[in-house]
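We have chain W; now place chain Y onto it with these hints.
Note that the protein sequences, when read in sequence, are chains W and Y.
Residue numbering for the first sequence follows my numbering, beginning at 1 and increasing consecutively.
Residue numbering for the second sequence follows my numbering, beginning at 1 and increasing consecutively.
Just so you know, these hints were derived from the structure itself, not from any lab.
As the structure is a prediction and not an experimental result, all values here were calculated from the model.
Any given hint could turn out to be false.
You can't tell identical chains apart in this list, so a pair holds if it fits in one copy or across any two.
[Claimed, not checked] Below are the DSS-like pairs computed for lysine-lysine, each with C-alpha atoms no more than 25 Å apart in a straight line:
#, residue 1, residue 2
1, K209, K485
2, K475, K487
3, K145, K487
4, K333, K209
5, K386, K333
6, K475, K485
7, K333, K145
8, K333, K485
9, K389, K333
10, K485, K145
11, K386, K475
12, K475, K333
13, K209, K487
14, K475, K209
15, K475, K389
There are 2 protein chains.
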Amino acid sequence: MTRLYNDPVNFVDEATAGFVAAHAQRVCQVPGGVIRSTRSEPGTVAVVIGGGSGHYPAFAGLVGQGLAHGAVMGNLFASPSAQQVYNVCKAANNGGGVLLSFGNYAGDVLHFGQARERLIREGIPCEIVAVIDDISSADREELHKRRGIAGDLTVFKVAAAAAEAGYSLEEVVRLSRAANLRTRSMGVAFDGCTLPGADDALFHVPAGKMAVGLGIHGEPGISEQDVPSADALAELLVSHLLEEVPDGIETVRGARASVLLNGLGAIKYEELFVVYRRVHALLLEAGIEIVEPEVGELVTSLDMAGASLTLFWLDDELERLWRAPADTPAYRKGSLNPAPPIDTAALDIPDADEIPAASQASRAAARCVEQALRATREVIDANVDKLGKLDAIAGDGDHGIGMQRGAVAAAEAAEQALARGAGAGTLLRQAAEAWSDRAGGTSGAIWGVMLNALSLTLGDDAAPQAEHYARGVAKAKQDVMEFGKAKLGDKTLVDALVPFSDALSQRVAAGDDLANAWGAATQAAQAAAEDTQTLKPKLGRARPLAEKSLGTPDPGAISLAMILDVVHRVIATAD
Amino acid sequence: MTRLYNDPVNFVDEATAGFVAAHAQRVCQVPGGVIRSTRSEPGTVAVVIGGGSGHYPAFAGLVGQGLAHGAVMGNLFASPSAQQVYNVCKAANNGGGVLLSFGNYAGDVLHFGQARERLIREGIPCEIVAVIDDISSADREELHKRRGIAGDLTVFKVAAAAAEAGYSLEEVVRLSRAANLRTRSMGVAFDGCTLPGADDALFHVPAGKMAVGLGIHGEPGISEQDVPSADALAELLVSHLLEEVPDGIETVRGARASVLLNGLGAIKYEELFVVYRRVHALLLEAGIEIVEPEVGELVTSLDMAGASLTLFWLDDELERLWRAPADTPAYRKGSLNPAPPIDTAALDIPDADEIPAASQASRAAARCVEQALRATREVIDANVDKLGKLDAIAGDGDHGIGMQRGAVAAAEAAEQALARGAGAGTLLRQAAEAWSDRAGGTSGAIWGVMLNALSLTLGDDAAPQAEHYARGVAKAKQDVMEFGKAKLGDKTLVDALVPFSDALSQRVAAGDDLANAWGAATQAAQAAAEDTQTLKPKLGRARPLAEKSLGTPDPGAISLAMILDVVHRVIATAD
Numbered sequence: 001m002t003r004l005y006n007d008p009v010n011f012v013d014e015a016t017a018g019f020v021a022a023h024a025q026r027v028c029q030v031p032g033g034v035i036r037s038t039r040s041e042p043g044t045v046a047v048v049i050g051g052g053s054g055h056y057p058a059f060a061g062l063v064g065q066g067l068a069h070g071a072v073m074g075n076l077f078a079s080p081s082a083q084q085v086y087n088v089c090k091a092a093n094n095g096g097g098v099l100l101s102f103g104n105y106a107g108d109v110l111h112f113g114q115a116r117e118r119l120i121r122e123g124i125p126c127e128i129v130a131v132i133d134d135i136s137s138a139d140r141e142e143l144h145k146r147r148g149i150a151g152d153l154t155v156f157k158v159a160a161a162a163a164e165a166g167y168s169l170e171e172v173v174r175l176s177r178a179a180n181l182r183t184r185s186m187g188v189a190f191d192g193c194t195l196p197g198a199d200d201a202l203f204h205v206p207a208g209k210m211a212v213g214l215g216i217h218g219e220p221g222i223s224e225q226d227v228p229s230a231d232a233l234a235e236l237l238v239s240h241l242l243e244e245v246p247d248g249i250e251t252v253r254g255a256r257a258s259v260l261l262n263g264l265g266a267i268k269y270e271e272l273f274v275v276y277r278r279v280h281a282l283l284l285e286a287g288i289e290i291v292e293p294e295v296g297e298l299v300t301s302l303d304m305a306g307a308s309l310t311l312f313w314l315d316d317e318l319e320r321l322w323r324a325p326a327d328t329p330a331y332r333k334g335s336l337n338p339a340p341p342i343d344t345a346a347l348d349i350p351d352a353d354e355i356p357a358a359s360q361a362s363r364a365a366a367r368c369v370e371q372a373l374r375a376t377r378e379v380i381d382a383n384v385d386k387l388g389k390l391d392a393i394a395g396d397g398d399h400g401i402g403m404q405r406g407a408v409a410a411a412e413a414a415e416q417a418l419a420r421g422a423g424a425g426t427l428l429r430q431a432a433e434a435w436s437d438r439a440g441g442t443s444g445a446i447w448g449v450m451l452n453a454l455s456l457t458l459g460d461d462a463a464p465q466a467e468h469y470a471r472g473v474a475k476a477k478q479d480v481m482e483f484g485k486a487k488l489g490d491k492t493l494v495d496a497l498v499p500f501s502d503a504l505s506q507r508v509a510a511g512d513d514l515a516n517a518w519g520a521a522t523q524a525a526q527a528a529a530e531d532t533q534t535l536k537p538k539l540g541r542a543r544p545l546a547e548k549s550l551g552t553p554d555p556g557a558i559s560l561a562m563i564l565d566v567v568h569r570v571i572a573t574a575d
Numbered sequence: 001m002t003r004l005y006n007d008p009v010n011f012v013d014e015a016t017a018g019f020v021a022a023h024a025q026r027v028c029q030v031p032g033g034v035i036r037s038t039r040s041e042p043g044t045v046a047v048v049i050g051g052g053s054g055h056y057p058a059f060a061g062l063v064g065q066g067l068a069h070g071a072v073m074g075n076l077f078a079s080p081s082a083q084q085v086y087n088v089c090k091a092a093n094n095g096g097g098v099l100l101s102f103g104n105y106a107g108d109v110l111h112f113g114q115a116r117e118r119l120i121r122e123g124i125p126c127e128i129v130a131v132i133d134d135i136s137s138a139d140r141e142e143l144h145k146r147r148g149i150a151g152d153l154t155v156f157k158v159a160a161a162a163a164e165a166g167y168s169l170e171e172v173v174r175l176s177r178a179a180n181l182r183t184r185s186m187g188v189a190f191d192g193c194t195l196p197g198a199d200d201a202l203f204h205v206p207a208g209k210m211a212v213g214l215g216i217h218g219e220p221g222i223s224e225q226d227v228p229s230a231d232a233l234a235e236l237l238v239s240h241l242l243e244e245v246p247d248g249i250e251t252v253r254g255a256r257a258s259v260l261l262n263g264l265g266a267i268k269y270e271e272l273f274v275v276y277r278r279v280h281a282l283l284l285e286a287g288i289e290i291v292e293p294e295v296g297e298l299v300t301s302l303d304m305a306g307a308s309l310t311l312f313w314l315d316d317e318l319e320r321l322w323r324a325p326a327d328t329p330a331y332r333k334g335s336l337n338p339a340p341p342i343d344t345a346a347l348d349i350p351d352a353d354e355i356p357a358a359s360q361a362s363r364a365a366a367r368c369v370e371q372a373l374r375a376t377r378e379v380i381d382a383n384v385d386k387l388g389k390l391d392a393i394a395g396d397g398d399h400g401i402g403m404q405r406g407a408v409a410a411a412e413a414a415e416q417a418l419a420r421g422a423g424a425g426t427l428l429r430q431a432a433e434a435w436s437d438r439a440g441g442t443s444g445a446i447w448g449v450m451l452n453a454l455s456l457t458l459g460d461d462a463a464p465q466a467e468h469y470a471r472g473v474a475k476a477k478q479d480v481m482e483f484g485k486a487k488l489g490d491k492t493l494v495d496a497l498v499p500f501s502d503a504l505s506q507r508v509a510a511g512d513d514l515a516n517a518w519g520a521a522t523q524a525a526q527a528a529a530e531d532t533q534t535l536k537p538k539l540g541r542a543r544p545l546a547e548k549s550l551g552t553p554d555p556g557a558i559s560l561a562m563i564l565d566v567v568h569r570v571i572a573t574a575d
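Just chain W, same shape as in the assembly:
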């Protein structure tokens, strides 16, 4: 939904004012819309685009060198008036005639048509290319009834690059018509947007459903189905578009096309890239050469949840115009002098998988460590929800699944290292890397640091004694405090780790065996972990929202105590 506005009646005017203020280097405002604020070559064709507002970067975001000369900006999702079109054309005119281009909607056809007549009456040559890329909006036999969606961009780009190159109006029209006939899009929608001040969305798609072919203003689509996987959506869109190869493309194999995967507002970049991955593979499989694709937000409908895929089938002339540089508020290409590509084969990428030779004694200790990591994995598996809920009170709730990812990866790495004859030090190092690599987050880092510290004191040669463990834990404590910049009393895992390490060192120095010393130290850690219940907000600044965490212990300290306890049992029962 649209949340930020003043009086909804002024939304478009105010958005335009802000847009022009932010992009004064490239655009300036005229009655009815915007034009370039930079000079164009006299005698060249002016490309004027436009339509309703709410589709940024269409249309105003595409005004600038190498792209449109002007954009007419109607009210939200409403065609601009003929007067607006006329005004923008008069201001954008460079003396070489005007090409008007816009999505093929009835209101736009009417208003741009009226403005064209008036310009012609006044002696300004003017032609129209209404974009018709949306294959869901009418049958192939009725191309002229199809609507324009994200394929607007390819037509505008070709027209403008031709104009920039000094082509005549006739040539600009010929090329943009060719681009129009070679551009095909298909869209899907998951939910509609809500206009500023409106009570409800413009339309809804039932939860869990996807509307196929729904227009960017909610115009009826062709079917409704369950929301598919990203790959299945890619397959749906590509298969439909490959059934719609335009006239003039003899074989798909060997054809060149640009590809636009467009998000309509709330379908975000990472999702689009997941879909694009499969689209790209499918097009390559079909033998298509992909030229300068675009993945992002090219034509939106406020925050509508939807996406569309466009194929723009190229020939030499269209490819050159598509590749030509452009510099607008929202679309830039061809900047800088491109540097040459690197040789990826020569990259320095380290191999972390080596197993050095180890003593018999260290390999025996490695078995015990592997058991401890297996027990760790089990206790975390059993407590993943509990830890998640604890973390959700003050944090982002991912402590449980983060610990689980790490513990699973560490146990698996340990098992493999053991099978390959690793000593205790190498086994712990590989487990440490696996943990921090897979878990991510703060807890992953801390556990990587701790296991690494232990790895260095155990090594692969000596038969580890109780004091090796005590020294390893002490190093872990020190490293965690240093890397994490956490002090005792900060209500973190450090509050449990410090008493554990101190007790372990004391008892080992006093002559206890590892099992007894570890057991006593674990009790100290458990008590300290419970004591991390925050009694005041954690951060320095007074912030009411942090108060909800009062009375909750630190999940990192709790999971540490949990793990120390199961490791104690492994040590106590070891041969």
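Using the frame of chain W, we list chain Y on its own:
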């Protein structure tokens, strides 16, 4: 929410693969993240950035000439591991040392710190600048505890531009620390994002509320309040940031700053521009010179509904580095040779407001026309909801408010034109322009065309007779059919307009007076309007969703019949 994914476990890997496929000209994948696919100058500093995924264009979208040399990509919202950081650094290293930069989060601090130690051990000089722009995340006295949000970009940009210019690691560190200390941001949130496969959002903000200072992963903010107007939000953000002017800025008046207004995912461009309009004005009022601002999505959190404002306080050196060109998948500046600015004073912008002289008789007729337009406004006002509901069945539901905007504007323009002595022709022309200008959309266009046609036949000289009206209506019919490309039987307004025009012409030709002829023709139009009930889907293609419109008359035909009826009453009671 995140809708498009396959197995959520693979989301980041698949997004990365799609990203790299789409942007192979600029980036290539290495274990742990991406690096530039273009060669950098040997011996220069490599700037490696990174953090959790889910924040595109941060971080991978910022890799390319003039910006980062590599980006380390952790799991969703989770720090990458030290191994990942190390791998990317090894691959990105140009022999001039490595600058690591990232948002100041505990996990990132840990992992980048570990990787730095390893690089230094291996003889690769490496330094760290953790970005701390979020003023809500800790007090000014504890800058080192602050988190990094959209201000990441300014620090990365300065570091990278310095590296590109061949500065030493020491100089790159000095400048990026300076940028870090001169960058201040503040964010707000309206709702959280939902991770792929998760049941619920990472966090929620109560409906109608705004969380101030909430972190981009949902970290606690400083307060909660009702959602403000766009202007009030601008005032809130600017006032807080102006209380946080960094050391080294002596007076705000005369200072230079860049401004970043960042959307976190679901707050879209038009909203951001509305807010920016006020931000820009407030900063100018404070005497700040604004340098190359950015309004858009720079650091997102999937589709989180939130926004942040960043001020980057410049000095000469930082300004030069901020303005330097860059060419990455998501951030490009400094392309092309900029063309000179235009002279806006010389633009050809027409004046539509002229009132030509008119005969007494035409001015009398104008009074009648003005009454008819007033009656039109009243009947539309009374039926705005009814028309909206009718249109919502098959269209976008805006017919009611569109007609209202148009009728109100036309009646107001007519009243003004009458007061200024306009004849019937001029009054109708100005009403036509006002209608289509304010209403927008298809209906606005059609009513503009119809009133314009009538304007041309009535003119400002003759005393209009019944046949002038009949001829004007016939021209309106012809123009609407021509511009709209609609035929009789298409179930549009044309289906009512044609019988109206035909009956009016016949009755006038047969000698009826205007009132009688108009009344009889209105009856024909009313019957025909009801008859526009669609019996089969309107569009050529079989589409199940269009079936819901069966049995509903066309709202444009219905509103036409409504208006003809009230105009008949005006004519019948005219002097």
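Hints and how they fare:
In the homo-oligomer, the alpha carbons of K209 and K485 never lie at most 25 Å apart, since the shortest distance is 48 Å inside one protomer and 35 Å across protomers. In this homomeric assembly, K475 and K487 come within 25 Å of each other (Cα to Cα) only inside a single copy, at 15 Å, whereas the closest approach across copies is 85 Å. With identical chains, the CA atoms of K145 and K487 are at most 25 Å apart between copies only, with a shortest distance of 13 Å across copies and 69 Å within one. Proximity of K333 to K209 under the C-alpha cut-off of 25 Å is found in neither arrangement, the shortest distances being 36 Å within a copy and 40 Å between copies.
Taking the shortest alpha-carbon separations for K386 and K333, neither the intra-copy value of 50 Å nor the inter-copy value of 48 Å comes in at or below 25 Å. Taking CA atoms no more than 25 Å apart as the test, K475 paired with K485 passes inside one copy only; the shortest distance there is 15 Å, against 81 Å between copies. In this homomeric assembly, K333 and K145 never come within 25 Å of each other (Cα to Cα): the closest approach is 32 Å inside a single copy and 39 Å across copies. In this homomeric assembly, K333 and K485 never come within 25 Å of each other (Cα to Cα): the closest approach is 43 Å inside a single copy and 38 Å across copies.
When the C-alpha separation of K389 and K333 is checked against a cutoff of 25 Å, the pair qualifies neither within a copy, at 47 Å, nor between copies, at 45 Å. For a Cα distance limit of 25 Å, the shortest separation of K485 from K145 across copies, 10 Å, qualifies, whereas the shortest one inside one copy, 65 Å, does not. Taking the closest pair of Cα atoms, K386 and K475 never come within 25 Å of each other, the shortest separation being 29 Å inside a single copy and 76 Å across copies. Taking identical chains as interchangeable, the C-alpha atoms of K475 and K333 are never at most 25 Å apart, the minima being 52 Å within one chain and 48 Å between chains.
Taking the closest pair of Cα atoms, K209 and K487 never come within 25 Å of each other, the shortest separation being 50 Å inside a single copy and 36 Å across copies. Proximity of K475 to K209 under the C-alpha cut-off of 25 Å is found in neither arrangement, the shortest distances being 54 Å within a copy and 47 Å between copies. In the homo-oligomer, the alpha carbons of K475 and K389 never lie at most 25 Å apart, since the shortest distance is 31 Å inside one protomer and 72 Å across protomers.
When each numbered hint is compared with the structure, violations occur for hints 1, 4, 5, 7, 8, 9, 11, 12, 13, 14 and 15.
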